Amino acid sequence: GAVVSQHPSWVICKSGTSVKIECRSLDFQATTMFWYRQFPKQSLMLMATSNEGSKATYEQGVEKDKFLINHASLTLSTLTVTSAHPEDSSFYICSATWSGEKLFFGSGTQLSVL
Amino acid sequence: GENVEQHPSTLSVQEGDSAVIKCTYSDSASNYFPWYKQELGKRPQLIIDIRSNVGEKKDQRIAVTLNKTAKHFSLHITETQPEDSAVYFCAASKANQGGKLIFGQGTELSVKP
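In order, the protein sequence lines correspond to chains A and B. For the first sequence, my numbering begins at 3 and goes up steadily by one. For the second sequence, my numbering begins at 546 and goes up steadily by one.
Everything labelled a hint here was simulated from the structure, so no lab data went into it. Keep in mind that this is a model prediction, so the values were computed, not measured. Some hints could be false.
The list that follows gives simulated cross-link-like pairs (lysine-lysine, DSBU-like), each with its CA atoms no further than 30 Å apart [as the list claims (entries may be wrong)]: (1) LYS567(B) / LYS104(A); (2) LYS603(B) / LYS43(A); (3) LYS582(B) / LYS616(B); (4) LYS582(B) / LYS602(B); (5) LYS657(B) / LYS43(A); (6) LYS639(B) / LYS43(A); (7) LYS582(B) / LYS603(B); (8) LYS639(B) / LYS66(A); (9) LYS567(B) / LYS16(A); (10) LYS104(A) / LYS57(A); (11) LYS613(B) / LYS603(B).
Chain B regions said to be covered by chain A (calculated; three or more residues, Cβ under 8 Å) [what the hints assert, rightly or not]: (12) 587-601; (13) 647-654.
Just so you know, even glycine gets a beta-carbon here, dropped at the ideal spot from N, CA and C.
Looking at chain A on its own, in the form it has when it is part of the complex:
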C-alpha cells in the first residue's frame, strides 16, 4: 500500500524559533499533499493544499507567513512553523494522494512550544 512518512514525530522548541516538518510519499508520486492541524479530541482541520512546483493554497484563517509550505518535488512537502509560540502547539499531520481521491496520512508530528 501507499506509504507516507512524516518527520519528526515529535519536537519541542523554544518560543520564537522555527520548526520544519517533512512529509514524504515513499512509494508513489503525490500529485497533491495536504497539511492538517489536530487538537486533542478534535477533528482534523485542513490548513493548506500543496501542489508540486506551485504555491500552496491556504484555508481561510490560516496565516501563510506563519505556516510556510514548500512542495519541492512530487514526493516531498515541508511545513515550517515560523516564530513558534505556545499557541502553535498541536498535532500536525500531512496526507498525500496520487489519485486525487484516496488520501494516505503521515504519522503526524506533535509540536510543543515552550
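Once you have looked at the hints, place chain B on chain A.
Frame of chain A, contents of chain B only:
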C-alpha cells in the same frame, strides 16, 4: 463550502453489539465519502469508502450506506470487538478538488468487553 456533521460524538457499546455512526453533508456535488479510524496518537487509517454512484458497500464487519437524496451516510460496525475502540471520522470530497477532504467532528467509540 462543504460542511460535514457527525453524530454521535461518543458511543459506548458492549462487545458483540453493533455500532452506527451517522454523517450529513451539505454540498450535493460531493461524490466521495471515506471513513477513517484513528487510534490515540496515530495516523488516520482508511477503513472503507463509498462513491456517490453506490448506495451501500460492505467489507466483513464494516459497512457504509449512502443516501444521496438526504445527503447522509452512515458507518455500521457489527460484532464489535475491543480493538474497534478508536475515534472514527467521516469525510466528504468532490471531483476536481485534488482530494481535498472535509472531515466530520469525529466519534469516539468505546467497546466494552
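Quick rundown of the hints versus the structure:
1. LYS567(B) / LYS104(A): Within the cut-off at roughly 21 Å; holds.
2. LYS603(B) / LYS43(A): The given pair, whose Cα atoms are some 28 Å apart, holds under the 30 Å limit.
3. LYS582(B) / LYS616(B): Distance ~22 Å between LYS582(B) and LYS616(B) Cα, so the pair holds.
4. LYS582(B) / LYS602(B): 17 Å, holds
5. LYS657(B) / LYS43(A): Holds - the C-alpha atoms of LYS43(A) and LYS657(B) are around 20 Å apart, at most 30 Å.
6. LYS639(B) / LYS43(A): 26 Å, holds
7. LYS582(B) / LYS603(B): 16 Å, holds
8. LYS639(B) / LYS66(A): Roughly 25 Å between the alpha carbons, so the hint for LYS639(B) and LYS66(A) holds.
9. LYS567(B) / LYS16(A): Violated. LYS567(B) to LYS16(A) sits at ~42 Å, over the 30 Å cutoff.
10. LYS104(A) / LYS57(A): 22 Å, holds
11. LYS613(B) / LYS603(B): Holds: LYS613(B) and LYS603(B) sit about 18 Å apart, inside 30 Å.
12. 587-601: holds (count 6)
13. 647-654: Holds, because 6 residues of the stretch 647-654 of chain B bring their Cβ atoms closer than 8 Å to Cβ atoms of chain A.
In the structure shown, a violation is registered for the earlier hint numbered 9 alone.
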